[in-house]
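Could you slot chains B and C onto chain A? The hints should help.
So the chains spell out like this:
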Amino acid sequence: MKKIIISLLILSLVIGIVGCKNDAKEQTSAKTNVVYASGFTVETLGSGIKKLTDGENQTFLLVSEGNKVPAGYENIPQIGVPIKKAVILSVTFGALMRPLGVLDSVVGSGTVPDELYIDEMKQGYDSGRIKYVGGGTMGAPDFEVIQLLKPDIVFCSTGYPDWLEYYNKMKNIGLNVVVCNDYLEVDPLARLEWIKFIAAFYEKDQEAENYFTGVVGKINDIHQKIMVSSYLPTVLWTSIFMGTCYVSNGDSYVAKMIDMAGGHYVFNDLPGSGTSSISLEELYARGKMANVFIYASTPPYINSIKEIVDGNPILVDLPTITSGEIYCFQPWYFQISDKPDELVQDLAYIFRPGLFPGYKLKHFMLLPKQ
Amino acid sequence: MILRTDKLTVGYGKRSVVSDINVMLMKGQFVCLLGPNGSGKTTILKTIVRMLSPLGGEVYLNDRKVVQMSNQEMAKTTAVVLTEPVSAGLLTAYDIVMLGRQPHSGLISKATIKDREIVIDSLNMVNAGNVAQRYFSELSDGEKQKTLLARALAQEPQLIVLDEPTSHLDAKHRIEVMLILRQLTREKGVTVIASLHDIDLAVKACDVAILVKDGYVLACGMPEDVLQEEMVTQLYGMGNANFNRHLGGIELKSKQTGAGIFVVAGAGTGSSVYRILIKHGYTITTGILPENDIDYQIAESVEAATIKSQAYENMSHDSYLTALKLLDSSRQVIDAGFPVGATNQPNIELLKSALKSHQFIHSLRNREQSERLFGTSSNKFLYSHDFFELISAVKKAEQA
Amino acid sequence: MAMNNVTTEVFLARRWKRYTSVLLLFSVGVCLFLVLNIVLGSVTIPLGDTFKVIFGNTASDEAYSSIIQDIRLPRALGALLGGAALAVSGLLLQVFFRNPIVGPFVLGISSGASFTVALVLLGSYLAGMTAVSSLTLSLAAFIGALLVMGVVLAVASKVRDIITLLVIGLMTGYVASAASSFLVAFAQSENVYRFVIWTMGSFSGFRWDEVLILAIACLVLMAFSYLLAKPLNAFILGEDYARSMGVNVKRFRYMIVFISCALAAVVTAFAGPVAFIGLAVPHFARLSLGTSDNRVLIPASILGGAMICSLCDLLARMLFAPVELPVSATTAIFGAPMVIFFLVKGKTTI
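Quick mapping for you: the protein sequence lines, in order, are chains A, B and C.
Numbering (our numbering) for the first sequence: 129 to 498.
Numbering (our numbering) for the second sequence: 854 to 1253.
Numbering (our numbering) for the third sequence: 5 to 354.
Isolated chain A (complex conformation) (with noise of 0.2 angstroms):
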């Protein structure tokens, strides 16, 4: 008798302190680990059921098939998951959709194919799968159209107060619409991280969660490369237009991806994480110590060294120009919101040349003289 009492208190000792380190496991992976972008939240709160936070603040439960609804969670409202439809109204969005291998999905896009560098998008279009809703640059996409297509999900972006019109306008005809506001972070590594974000509407949580992890060591491992050099370049990150001359201020994505890869951004003392326009003058003075000129453009809108010595004759002294190396984007530029390991990478280069022999720059490129 005493045996088996022993026996039973044993095993519910064991028992509940298994049961216990379970219940611990299942609190700790609670909330998605979102560490950079500050515009969302996922939080798992059972097997099958997230809890998301889009960039409007608006909540919503993403179910797995087959699972059911949590009590006290009836009213918030429900995404079935994972989706099959999806429209994005911004390219960047598609960039971030790429490492996770779920472009198939994309059955709307407000980017035209003639200026889409994703190849899974421009091969989307080709097959008739991804119909052109506009919405994209400027003015409304149209409704009708997206409406049509019958999608699971709606991403668009509430940057300018236009787009927060017309994504009020998309929720009142009764579609799914999440903002996805990736582009509003001001860190590089932040607007990656809303691949978390995207990810969970596809259940591909760990494999976003992976490439995130493998991004910012390679960045680190950059990191790491530069650290041994002492010699600190001068950045000049501008373009100009009609004598006035664009720059973004100290603490806007340019200045940390700057400094992400070892530069000193000459403008880095400018206020806020907007940009400014400043005089021609100013800009000569601080260009003139700059070691690293990028014109912050790509063809066919900047072509030649050229170019902007006709336009700003007052440059021709700056070095960078004189010894004739100043690099701009590549087209596709604006669209590889995944790969800011490889920004940082070709700027480093930039930077440094010496300490990466042989590397090809992917993404920025050398202006020709003429």
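In short, the hints are calculated from the structure, not lab data.
There's no promise every hint is true.
No more than 30 angstroms apart at the CA atoms, straight line, and that leaves these computed lysine-lysine pairs for DSSO-like [stated by the list, open to error]:
#	chain 1	residue 1	chain 2	residue 2
1	A	K212	A	K159
2	B	K880	B	K1106
3	C	K349	B	K899
4	A	K212	A	K467
5	A	K467	A	K346
6	B	K918	B	K1041
7	C	K349	B	K918
8	C	K56	B	K967
9	C	K254	B	K860
10	C	K162	B	K918
11	A	K346	A	K250
12	B	K867	B	K1066
13	B	K867	C	K162
14	A	K212	A	K299
15	B	K1041	B	K929
16	B	K963	C	K56
17	A	K416	A	K250
18	C	K349	A	K416
19	A	K297	A	K259
20	A	K213	A	K467
21	C	K349	B	K867
22	C	K21	B	K899
23	A	K179	A	K467
24	B	K1248	B	K1178
25	B	K929	C	K162
26	B	K860	C	K56
27	B	K963	C	K21
28	A	K179	A	K353
29	C	K21	C	K254
30	B	K1106	B	K1249
31	C	K349	B	K929
For chains B and C alone, kept in the frame of chain A given last:
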């Protein structure tokens, strides 16, 4: 001869307003253009100064076709004063008049001494010397018009064309402007042609009157010849008034609908009485008035029933009897207080008779004279000191 | 009360004194702001160096000479000439239309220029064109302005009433604006941003060749306009009186519209539409001088426009240095209260 028109037809586009105008104006003549509103006076004037093209015929200035003259030539010979009010920014009257010197000076030349003198003279001539330094926009309408006239003068023109120059002006300035224009023609030999509405001033100041109505020039000649009563009435289509060329003015007609009043008057005493009674709508019978009496002129113009007698003759017995008969049919009688003399005793007899037959008989005469003339029966008169009392008494009597 | 030679002399002499004082004052203002525009900038250059560069010697830092000679000096002159041109353009149109609330762009000049610039900037990618140089843009703006001017001139002699001309100009402007909006709807956001900035006007990036063209155009056109000062005075009384004083009204219409549109067009080509200068400065000059006599008003507008525009550009550059404001922001801050003040005091007149 300064201005001549030959079969001139004026109008707008295809629509002709006045046709077949043939007039000839001489140097130093003061010409007025008269006619009802919309008759085409402004159109004619604008065509003369080339603001409008003629629809037919020619205008000759100094024997040259006006359409062939250059802008400069035209500006040196002709100047205008228009009706529309002008806003002149921050220019002074002096500046405005100096503008008139432009046809005589080059593009960038400064004002010469001669220019200044002419400007000063022009301003003085129109009696606007005292406003020269003031801003044009601050002047009164009269002063503005005079300034614009001075500006026209400064152009040293041979012909000045004015479109209703006195329309916005008060009586004093109206007369002043007419006098200035006449002085211009007499002293400087300038020909003036102006469209006017004041017939009485036109008659007294102008040398030539051109009457325009219904698309034609009705008449062209001296005002004394041309402005007959019927002509004027026809010209303006006046139904309620008559123009009297002897008086040089207009009298409102009696409506002939009110109660009848017999007025015994003469030597001007009746004029105010007639006018007052007409204003209050009474029908007037009056007499006996000799044709050389001014009251006769007025009575005729107001279309009162008038018993007349021959000029410079004694009043006939027949006229007395006629007057007596008409006296009976009027309810009230008024003695206008006329002077009594050898030739108008019958009027006194009329009043004596009225005193016997009528209840309401008013008098503007002083009592003493009345008593002397009519004796004790003069007590029956209802005396009034002034016209206000008179009309009040008449009205009161009417009620009774 | 008769007027005589003596009182006239006194009166005229008094006026003349006022005119010369005002013109002198404006000239001083022009010189002052010109100097300040050379001396001040987002980069601090010691005064000594500035003077060295101006007088042809080398400064301590080579960058200083470049900045002063190639950036500040041409820009300062550009703002000066641009302001003068716009002021004269506005004055001519105000007198011509006998309307005090018109400016150089009332005939749709800036809308026309904006349209062609929009066409080039926003529409070029549709045609697959390559990047647009500032010369192309200046040319585009100028052509657009001239197109509108052409329409207005073609109509100028045919309409009986000047107000019709004004309405036609306004309507042309609206059509051009609508066309620009159309282009904006289809363009990429980056270019739209640039286009919007262009429409606010800026004197930055003025090059010496641009200054030269502007100077020659200004010299010729302003001299031409001064020759028209007397007929313009006659015009104050209205077309009918002007005609009676020998002014060839038809030819005059052409010339005035041409000169003012050309002045506005050439400034807009290089600096974009700069608001308010053309509207406010003539009033400012008129009230300072106390006259509407264009023989003295034109020079006063030239100097006044140069002075105020230089000041506005200085503020646009310096208020938030190194960040620059578009110059229309500062001209509006000056111009709008000025115009409101004039209106309220009932002192708007031609």
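Hint check:
The suggested pairing of A/K212 with A/K159 holds, with an alpha-carbon distance near 25 angstroms, which does not exceed 30 angstroms. Between B/K880 and B/K1106, the direct Cα distance comes to roughly 39 angstroms. Violation of the 30 angstroms bound is thereby established for this hinted pair. About 38 angstroms separates the Cα atoms of C/K349 and B/K899, which puts this hinted pair outside 30 angstroms; it is violated. In summary, the hint linking A/K212 to A/K467 is supported, as the alpha carbons are separated by about 25 angstroms, within the 30 angstroms threshold.
Pair hint A/K467 plus A/K346 holds up; C-alpha atoms about 10 angstroms apart against a cutoff of 30 angstroms. Annotation: proposed proximity of B/K918 to B/K1041 holds, straight-line Cα distance about 24 angstroms (limit 30 angstroms). Pair hint C/K349 plus B/K918 does not hold up; C-alpha atoms about 50 angstroms apart against a cutoff of 30 angstroms. For the proposed pair C/K56 and B/K967, the alpha carbon gap of about 54 angstroms is over 30 angstroms, so the pair is violated.
For the suggested pair C/K254 and B/K860, the alpha carbons sit about 28 angstroms apart, so the restraint of at most 30 angstroms is met. A hinted pair counts as satisfied when its Cα atoms are at most 30 angstroms apart, and C/K162 with B/K918 qualifies at roughly 25 angstroms. Between the alpha carbons of A/K346 and A/K250 the distance comes to roughly 28 angstroms, so the proposed pair stays at or under 30 angstroms and holds. Of the supplied pair hints, the one linking B/K867 and B/K1066 holds, its CA atoms being roughly 19 angstroms apart against a limit of 30 angstroms.
Annotation: proposed proximity of B/K867 to C/K162 holds, straight-line Cα distance about 18 angstroms (limit 30 angstroms). About 19 angstroms separates the Cα atoms of A/K212 and A/K299, which keeps this hinted pair within 30 angstroms; it holds. In summary, the hint linking B/K1041 to B/K929 is supported, as the alpha carbons are separated by about 15 angstroms, within the 30 angstroms threshold. A distance of roughly 44 angstroms separates the Cα atoms of B/K963 and C/K56; the hinted pair therefore is violated under the 30 angstroms criterion.
At most 30 angstroms may separate the alpha-carbon atoms for a hinted pair to count; A/K416 and A/K250 exceed this at roughly 42 angstroms. Taking the CA atoms of C/K349 and A/K416, the gap is about 52 angstroms. The hint is violated against a cut of 30 angstroms. Our distance criterion of 30 angstroms between C-alpha atoms is met by A/K297 and A/K259, whose separation comes to about 20 angstroms. As the CA atoms of A/K213 and A/K467 are separated by approximately 25 angstroms, the hinted pair is consistent with the 30 angstroms bound.
Restraint check for C/K349 and B/K867: the C-alpha separation of about 47 angstroms exceeds 30 angstroms, so the hint is violated. With a C-alpha separation of about 41 angstroms, the suggested pair C/K21 and B/K899 falls outside the 30 angstroms cut-off, and the hint is violated. This hinted pair checks out: A/K179 and A/K467 have alpha carbons roughly 27 angstroms apart, not beyond 30 angstroms. The suggested pairing of B/K1248 with B/K1178 holds, with an alpha-carbon distance near 24 angstroms, which does not exceed 30 angstroms.
For a cut-off of 30 angstroms, the pair hint linking B/K929 to C/K162 stands: about 27 angstroms separates their Cα positions. Taking the CA atoms of B/K860 and C/K56, the gap is near 81 angstroms; set against the 30 angstroms cutoff, the hint is violated. A hinted pair counts as satisfied when its Cα atoms are at most 30 angstroms apart, and B/K963 with C/K21 qualifies at roughly 16 angstroms. Restraint check for A/K179 and A/K353: the C-alpha separation of about 40 angstroms exceeds 30 angstroms, so the hint is violated.
The suggested pairing of C/K21 with C/K254 is violated, with an alpha-carbon distance near 36 angstroms, which exceeds 30 angstroms. Annotation: proposed proximity of B/K1106 to B/K1249 holds, straight-line Cα distance about 24 angstroms (limit 30 angstroms). With a CA separation close to 40 angstroms, the supplied pair C/K349 and B/K929 exceeds the 30 angstroms bound.
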